[in-house]
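Novice: One letter stands for each residue in the lines below.
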Amino acid sequence: MSVYINGIGIISPQETIDNNKFLEKIYPFDKDYFKMIEPAYKEYIAPRDLRRMSKILRNGIVAGKIALKESQLAMPQAIITGTGLGCAIDTEKFLIKMIENKEKFLTPSSFIQSTHNTLGGSIAIGLGCHEYNMTYVHRGFSFETALLDAQMMMQTGEINNALVGGFDEMTDNHIQLLQATEMYKPNSGTVAGQVSGFFVLENEKKSNSYAKLLDLEMIYKPKQTVSTVSGRIEKMLLDHKINKENLVIVMGYNGVKAEEDVYQSISKQLFEHQSITHFKHLSGESYTASAFAFWMAAQMLKKQNIPQAILYSEKRISKIENVLIYNQYQKTEHSLMLLGKC
Amino acid sequence: MDKLIQELKEEIIEALNLEDMEIDEIDEEQALFGDGLGLDSIDALELIVLLEKNYGIKIEDPKQGKDIFYSVKSMAEYITAHQK
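Sequence lines, in order, name chains A and B. So in our numbering, spot 76 of the first sequence is number 76, and the numbers just go up one at a time. So in our numbering, spot 25 of the second sequence is number 25, and the numbers just go up one at a time.
Extracted from the complex, chain B is given alone in its bound form:
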């Protein structure tokens, strides 16, 4: 899980052009949206594509998005549980 979390942080920094951020600056439990990392709806679309492209996971129910993308940790848990 730790390896996956590190990998996800790297991918998020690259996909969302968080060029000034280091991996260590993202807390795995920190909220990605709102007051946390401050991501927005376009970032959410980027994360959906990232999940599908890099991990082969397609989110069928949009309502799940809020929980899956709450934090890096929640993303990693979802990937671990759903990756084939």
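The shape of chain A in the complex, shown without the other chains:
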């Protein structure tokens, strides 16, 4: 049974809110990290509800609404989200107030909204959805785990559809901590980003379907990274009888040499004749950056177009039948997602 992507809503540092556009104009990062291009929230959320929501909730709710509207699904049978940091701004607000006020005068709003599952819960409350609601907090596997959960539930017939999202936000405090590490070191490391991407997955193909999710795999801390990941990729392509002539690759190149070496070795070993694309120069690095890659892959398959801005190395391709995403986070979490044309 196939899992179809029938609706997408994504808020990111690029103009991704309009699904008819596909990276026509590119926005670079602004100072320390990539900032979101915020939608006109009032067009989607009532002012009364809006006032208590932090940006991550606003962006996630808007993204979820856009995805549901596009798929014409009024009530999902599951809401499954993945996030690395959750509602980081509200967590910081709550903790800072706790320190400043010496653990007295603690107000409820930031605390209530500081949890990782606040977004999933808020979407459900907004919809009046009492179905399965789960949030995965698995570092660089967070979004992938949410997808896997939805895929497995659909394959076992528990549900026919799900709203699946990956989201993270960066804060001015957190970026300072990150930039003290080698990975995010200014000028030599990667650039942090944030994304809020929601996808309606259904077991039924529709006229406006983007793509189908064929396979998904996560590899945690492989000992021999290149050979292990290459082996899994080869097996995945073989299992699905993928013709590499019509395959496009998405890789998580992020400017960190140790990680880029892995991407390059795998590209050289397996994909010398395929177009390689990348995305973290547009989304920034985050635990759930792969949600941006997932959107990109779905768009490439639907629009049969590879925007110039995402090409890392170009090879001639007559039609895009499949897209393979290989992403890693800090050499620890490696994920493979294989999508196919509808």
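Don't read these hints as lab results, they were simulated from the structure. Only true hints are included.
Sample of chain B residues facing chain A (criterion: CB under 8 Å; computed from the structure):
1) N17
2) L18
3) E19
4) G38
5) E46
6) V49
None of the values given here were measured: they were computed from a predicted structure. Cβ coordinates follow ideal geometry from the N, Cα and C atoms, glycine included.
Put chain B on the given structure of chain A with help from the hints.
Specialist: This is chain B only, laid out in the frame that chain A set:
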């Protein structure tokens, strides 16, 4: 009292994230909850903390809350009468 009322309006707007509201839009006698400004129970908790943190006033009897937080004016009157 007028100065306190203005100050309270500013604090309420900030504490409750009423970002689209201006001070002049809050009538000092308008009901804060229900049909008035439309505040809810979480806002009530925020106002209790505001009173304690900014004015050193702790509400000992919860039953008094309804009268104290009826409007900005009633809050200001309570603060004036109880601030040490």
